[in-house]
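Q: Below, each chain spelled out in residue letters.
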Amino acid sequence: MLRFLIRRTLGAVVILFLLSIVTFLLFFGMPRDPALMMCGKACTPANIENIHHVLGLDKSIPEQYWTFLHNIVLGSDAFTQGPCPAPCFGYSYNTNEAVWPTLMDRLPTTVSLTLGAACVFLLVGLGTGLLAAWKRGTLIDKTFTAGSMVISSMQIYFLGPLVLAVFVYQSHLFDKPAYNPFTADPVNWFSGLIIPWVVLSTIFAAQYTRMARSSMVEQLQEEHVRTARAKGMSRRYVFFRYAWRGSLIPIVTIFGIDLGSLLGGAVITEYTFGLPGLGQLAVQSVAFSDLPLLLGVMLFAATMILLFNIIVDTCYAFIDPRVRLA
Amino acid sequence: MKEEVVTKDEATVPAARGAAAEASGEPLLVVDKLVKHFPVKGGFPIRRTVGAVQAVDGIDLTVHVGESFGLVGESGCGKSTTGRLITRLLEPTSGKISYRGQDISHASRKQLAPIRSEIQMIFQDPYSSLNPRQTVGKIISGPMEINDINPAGGREKRVRELLEIVGLNPEHFNRFPHEFSGGQRQRIGVARALALEPKLIVADEPVSALDVSIQAQVVNLLQQVQKDLGIAFLFIAHDLAVVRHFSQRVAVMYLGKIIEVGDRDSIYARPRHPYTHALLSAVPEVNLDGDEEAQRERIRLAGDVPSPISPPSGCRFRTRCWKATEKCATEEPPLVRISGNGPGHLTACHFPEEPTTGARDEDIVLDPALAALEETEG
Amino acid sequence: MTTVTKEPGDSGAAGGDAFLSVRDLHVSFKTEDGIVRAVNGLSFDLQRGRTLGIVGESGSGKSVTNLTILGLHNPMFTTIDGEILLDGQELITARESELEKLRGNKAAMIFQDPLTALSPYYTVGRQIAEPFMKHTGASKKAAWERAVEMLGKVGIPHPKERAKDYPHQFSGGMRQRAMIAMALVCNPDLLIADEPTTALDVTVQAQILDLLKDLQQEFGSAIVFITHDLGVIADMADDIMVMYAGGAVERGTVDEVLRAPQHPYTWGLLNSMPRLGSDLGTPLTPIPGTPPSLLNPPSGCRFHPRCTYQGEVGGARCVDEPPLLPPGRGGACHLTAEQKQTIFIEQIKPRLR
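Same order as they appear, the protein sequences are chains A, B and C.
Under full-length UniProt numbering, the letters of the first sequence match residues 1 to 326, in that order.
Under full-length UniProt numbering, the letters of the second sequence match residues 1 to 378, in that order.
Under full-length UniProt numbering, the letters of the third sequence match residues 1 to 353, in that order.
If you are wondering where the hints come from, they were derived from the structure by calculation, not from laboratory data.
Errors might be hidden in some of the hints.
Computed list of lysine-lysine pairs in DSSO-like fashion (alpha-carbon distance at most 27 Å, straight line) [to be verified]:
| no. | chain 1 | residue 1 | chain 2 | residue 2 |
| --- | --- | --- | --- | --- |
| 1 | C | K141 | C | K106 |
| 2 | C | K106 | C | K140 |
| 3 | A | K135 | C | K30 |
| 4 | C | K101 | A | K135 |
| 5 | A | K59 | A | K41 |
| 6 | B | K157 | B | K138 |
| 7 | B | K138 | B | K110 |
| 8 | C | K30 | A | K142 |
| 9 | C | K164 | C | K140 |
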């Protein structure tokens, strides 16, 4: 187990390393000079050169990359904006804010949005999926299956504005989406996020309904499930002890991927509801050719996905005794 | 479609064709100390090879021109791996495979190309071994296309001929595999193998996925093909009765080794290796006359075959053998002609059995549960 | 109608004291292609302590029949007609809760592939203990001890330790032993074994078959043994029922069916089966053609499209009129008893040398 975790962590570090190189190279492949944007209207070649120098863009790419890695691990005092402790991703070209604190600042919004929605869509999705599988072939099953099909084909940018228009702007039933820190005021935190949670989890829940149903139906046809019934175990016992266990594997897999990628920033949701999370930050960093911010967001999102990948693989071992982690 | 296949075998089989190319004694395929180890990965922090599945561990065998050579054994004995090595779907770890005197053990794709057409394979599963998106005609003419062979009269004519040979309706060359039953698909597999007029066919459990009545159709077809076209067979199967029916010489494998080899009568009527005895006595037989049953020996081994990752030292069968001694653990018995064996009958055992399969004074029951239950009954 | 050649009652469908009695069973499934008539008017009886071997090829309906006995079919797609009596209790109309009390308790099953038929997620001991707890109300501890005892009985070395293992840690033969332990844990009166040794190697198969026979002596269960292998059936069964395309075509004791078979399909099976003792000069005689689709089974005798002896019957009886299987010993064929005897002795038996 420990060996597995060490091996996988090492593997993840290698992937992050490669990813940062790719991002770095892509950035320099972009046909835009960040200095031009920072320089403003009255720009002279001397100004640009100066900005290049300040940003370190006049150094060779390997040199810049080395500095980047060095700063992440050890921090740096070389920035004009002030000291930058490890993990130092530098300062944003655009806002001049330190990248890491910015990320940490935005993180609670994304985490609140994601975890809140995840609780809802997991419970609702699995619940309806299991019910549909239990009642397979009945009207309930058909309704759920058809409904989940319709809903999962919708998109946030369609459903989001629709819900906003109906429930917020017209009927004023709910507050306008906003992020208020939980620590400051839990009630406000909740009421500001309820609409995004509902919209995000509706779409995800529909997918989990379908997945849970199909994976349960598949498991119920397994021979060992039939054996359990042949032993005289009740339908409920067989359903929840034998079939359920096996159907967890695909669910855990997808849930891990979903959670990881959502934690890296739910771009469209955050934009739709105007929530200042990591997703918005990512879009900004690309729009402004903000290399330090871009690298920071990218690596953070990648870390989340890799982390949840490892968690998922670890879960397999708990679900299925045949999986041996090594 | 179904009716048309019906009586092809009936008509052609019973006459044991005179044109059959008798085993001429000329070796076609010679396998020498063939070894295949599959690496086992493990270790920390970097994965590396920490062991090997000793699937095939030094076997010698010779298949002569036109003969059918049977390879029997239980799962994990390495018989299928041997087949795949000989057709060079796998590359041997060491040892030598010579086909008509040419060493093909490590031959490249290019070097193998001319030989590939002479050694063909028939697989066990008639469902997964045919491409479902190709018509039967395309499947059967595939080998001709790859090898750029243009028979007189065109490939389509040849396909029709082949379909006829294997007892299918030649008009069906435009159909897809799913339109055929299991037995018919296996016939398609045979037709494909015959397309290039091979000299050797490696048949890996060709009938074990088929129902009894269909199995006999395919066995008869293969027998007819072997006799009419003089093709040598390496017939790999776990069913001892089928192998006895089809093969003139038989080798018994256990955990990657050949433990006994000889002509059919020697192996089935005068076996010497305890494992061969156990294997034969384990086959459930329909007793059609009533009294012969009493004359068969009864040997019940204990447990299953050990893991080929760490096979027993010395004689590999010793852990399940009732005659094993210290010597069996330390010294591997060579595969030799032991006294009392007929010519060509080789046995790898320090303490061979009497050459008979008749009943013993006392049954050999090594299985502890059986022994206990029979003790209380008796 | 064929003449009954033996006194009814010593085998097959006549005994009033039958422990398991199936009457005119019809099973059909709805599929995308249409309705599959998997079992068609099947009747048989089984006495306590006896073994009935059901032999047939794939699609003959032998497995379906036995899933139906315990109500393990999928009720959504399956239609069942007829009567199944187990110890006097009617099972087709029985409520699910009653069937649950019976399954694993009075009647247990062993399946073909022990790797897929045992759950990978629970220990072997737990899987054996579960039905014991459920049916006897034993405590967890007592049930576990019983599981260990059963594992010992079926020949698992160190049962105390092995009970804590998962099925994947067992070898193929050991798994099938565990499955047998699981089936016998409540001392069932009826054991249904569906191809229990087909997935096993021959030396292991021999161990398992002998083990089943010995355990039957001890437990006194009646066994329904389903297989495609005539050799296995000859070894295991007291009585044989041969099934073809959803119906029984012949039944009798082992000796009767194997030494004096009365149905052309049974002849075909015997003639197409290679044996260790057969004469190598005699080629195998396969049954021509392939088994029929049950979506659209042949009219009359379902075997007639593959039958070589249709001409002997005369007229179109084989095509028009389904032959009846007499109660007790007999075969469902329009040939007269004399014809059957003559054909078997003159044409079939010589090829069985």
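Q: Hints the structure violates: just list their numbers, smallest first.
A: Every hint satisfied by this model.
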